[in-house]
Amino acid sequence: MDKIKSLADLKKKRDELKASISLREDGDNAEQIVQIKVAMSTCGIASGAKPVMDALIESCSSLNIRAVVTQTGCMGYCYAEPTVEITKPGHEPIVFGYVTVEKAKNLVEKYIVNNEILEGVIPQSYQSIDNEI
Amino acid sequence: MANYKYHILICGGTGCRASKSEDISENFKRILVEKGLDKEVQVVETGCFGFCEKGPIVKMLPDNTFYVQVTSDNCEEIINEHIVKGRKVKHLLYIDPDNKHEVSDSKHMNFYKKQLRIALRNCGFIDPENIDEYIAREGYAALASVLEQNDPAAAIDTIKKSGLRGRGGGGFPTGLKWEIASKNHADQKYMICNADEGDPGAFMDRSILEGDPHSVIEAMTIGGFCIGATKGLVYIRAEYPLAIKRLEIAINQAREYGLLGKNILDSGFDFDLELRYGAGAFVCGEETALIHSMEGLRGEPTFKPPFPAQEGYLKKPSNVNNVETFANIPVIFNKGWEWFSSIGTEKSKGTKVFALAGQINNVGLIEVPMGITLREVIFEIGGGIKNDKKFKAVQTGGPSGGCLTESFLDTPIDYDNLLAAGSMMGSGGMIVMDETSCMPAVARFYLDFTVEESCGKCTPCRVGNKRLCEILDKIIGGKGTMEDLEILKNLSQVIKDTALCGLGQTSPNPILSTIDHFWDEYIAHVSEKRCPAGQCKAMKRYIILSDTCIGCTACARACPVGAISGERKSAHTINQDLCIKCGSCYDKCKFNAISIN
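Quick note, the sequences are listed as chains A and B, same order. Position one of the first sequence corresponds to residue 1 (the numbering used here), numbered consecutively onward. Position one of the second sequence corresponds to residue 1 (the numbering used here), numbered consecutively onward.
Note that these hints are calculated values from the structure, not bench results.
Here are the simulated BS3-like cross-link-like pairs (lysine-lysine), alpha carbons at most 27 Å apart as the crow flies:
1. B/Lys-262 x B/Lys-231
2. B/Lys-39 x B/Lys-85
3. B/Lys-245 x A/Lys-13
4. A/Lys-18 x B/Lys-39
5. B/Lys-386 x B/Lys-90
6. B/Lys-581 x B/Lys-466
7. B/Lys-466 x B/Lys-304
8. B/Lys-5 x A/Lys-12
9. B/Lys-5 x A/Lys-11
10. A/Lys-12 x B/Lys-335
11. A/Lys-3 x B/Lys-231
12. B/Lys-88 x B/Lys-29
13. A/Lys-88 x B/Lys-107
14. B/Lys-245 x B/Lys-54
15. A/Lys-12 x B/Lys-39
16. B/Lys-335 x A/Lys-18
17. B/Lys-5 x A/Lys-18
18. B/Lys-5 x A/Lys-105
19. B/Lys-489 x B/Lys-479
20. B/Lys-160 x B/Lys-316
21. B/Lys-39 x A/Lys-103
22. B/Lys-107 x A/Lys-18
23. B/Lys-160 x B/Lys-335
24. B/Lys-389 x B/Lys-581
25. A/Lys-50 x B/Lys-88
26. B/Lys-262 x A/Lys-3
27. B/Lys-54 x B/Lys-90
28. B/Lys-262 x A/Lys-11
29. B/Lys-466 x B/Lys-489
30. B/Lys-335 x A/Lys-11
31. B/Lys-39 x A/Lys-50
32. A/Lys-13 x B/Lys-262
33. B/Lys-245 x A/Lys-18
34. B/Lys-5 x A/Lys-13
35. B/Lys-39 x A/Lys-13
36. B/Lys-90 x B/Lys-29
37. B/Lys-5 x B/Lys-20
Chain A with its partners taken away, still in its complex shape (with noise of 0.2 Å):
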């Protein structure tokens, strides 16, 4: 093992560790930073809802986003499977349905980043009784 030489050293090294609890940090201070629910249930995952979410995971790794990517249950959409719930701080939570692998790495450049609405907006309607779970 290299021995740490100086102040600056073990910063870097803490930033590259960093990553390997970030998930863990995240999860702690979920409400502050965006929270990516994807729908993975059978149809979910029929659909391609496993490599959409390592797709979101990746591109929000790649462009230094802070979220948490949590699997979910079937929310219903099993017509717009794969669906994607998408919480941005202080906003209320959007669901994007078909979304594919492509439009995955959209998700996350345009609507994350940029605020601009894709397509494939599933409007919400139901209300939940309760948000603790």
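Since the structure of chain A is already known, use the hints to place chain B on it.
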């Protein structure tokens, strides 16, 4: 580096390990490999989450789901449901006792809402056996900046301004302690960590060492640089094998990175650490006794002055700080003394870790800002008294502390308020008692502990405490007189004034504070021969109700001393002179014919 989508954090503190949390992580790892998910899910064994009552704890990230009382049989279900299907395993979630709803995010639990974790910042968050996770959380940044500034006096000044006081119990200002040690010149000085946690019920130091050993190593190195010591010693009790193991791993990792040893971070400063094991004597928490024990001598205190800062380990200037004190130090440098001193009360800054125990719903380890009230700690964080019983008293400060009653529930907790209330901060043990606790018996319990732990060097402590214990036995045994109560008070005061070290000087505190707050209970024991809490055996009288007894002879056969007599099919009687109050007859009787007065 693998890009994990999920982290599973499992509590690896001693408490949860006792409930087999090691098996849980093994099982998780095995199932993940079987399912080919081991590249997507990281399993991490962390330090203590604090919510020991509900252990073993498993926390899922990034969605921050907190599973309680998990067994290794649940692993498969958690992976299948939570990881694969993205559904929470509802029956493992914490149930809010107030509204009976499941709570999945620990931030919404009453237990965590009011907590502020500074000393415990990394406990339950990082893998204590991996230095990289500590570095990723700003670890060793404080040390690096202190070394780069190369100004020990300025660093000491930062600690002074932060208002940090010793967390071991006394509350001596840490910055001032460092300053005194730095001004004494010698060819060798020592930085010592007191990890000889001895208060019954207190386990914060163990949890910090198990959950975040690097924070203590970093702080000791900073301290060594400030006072001019090149050697550090950790005095740790041998009963803490897991803490010792993790500390040893951490020390080796720090050495490999060049954060301990010669020429740390190329600054020219040398510092290294060694462990010294204690055999678990309470008095060795006293700094002079601790130093003697490390030197291989008997663990007995000596008169101060000379203070350890003048003549300590091997007669060289030494500085002794407690584990929790050290754990605060890196944060003070990283976030600034202004931030730290903005937390807490006027004279007690920062937070304090408390170990909640006794008749309380949420037993565990908590860290709260100074100035919080006992009511908030006991009823909000602690979830109130078990079985809906009534709160009677809370014992703080261990065997040196005292009992506080309901009238103190709204007093802000800090060093000075607790002292003024007749107790003390101590190391942070908090034992909550309900209405069924007999206070003279509680005092007797603590006295018994001090008698066991007295080193025997000075007479007031060796002989005096023994006598106090005997008088308490007399009172609890129903043979006490009013004169005994007077002797109890006087002797307590004499021991307080004349004992050599902190142990002896504070040993009568449990008696004095219970006398203060529960004088009527002492009187009831002595003059009425009655225990108001119904606990003292000697005051109990078992009586057979002649109307209800059918003469089945079950009680007479159960009585081990032959105190019950009577003809078959007619009411029996108990000979009170022979009765040893064992309760066997009461347990045996199927007709509720025996009553306890």
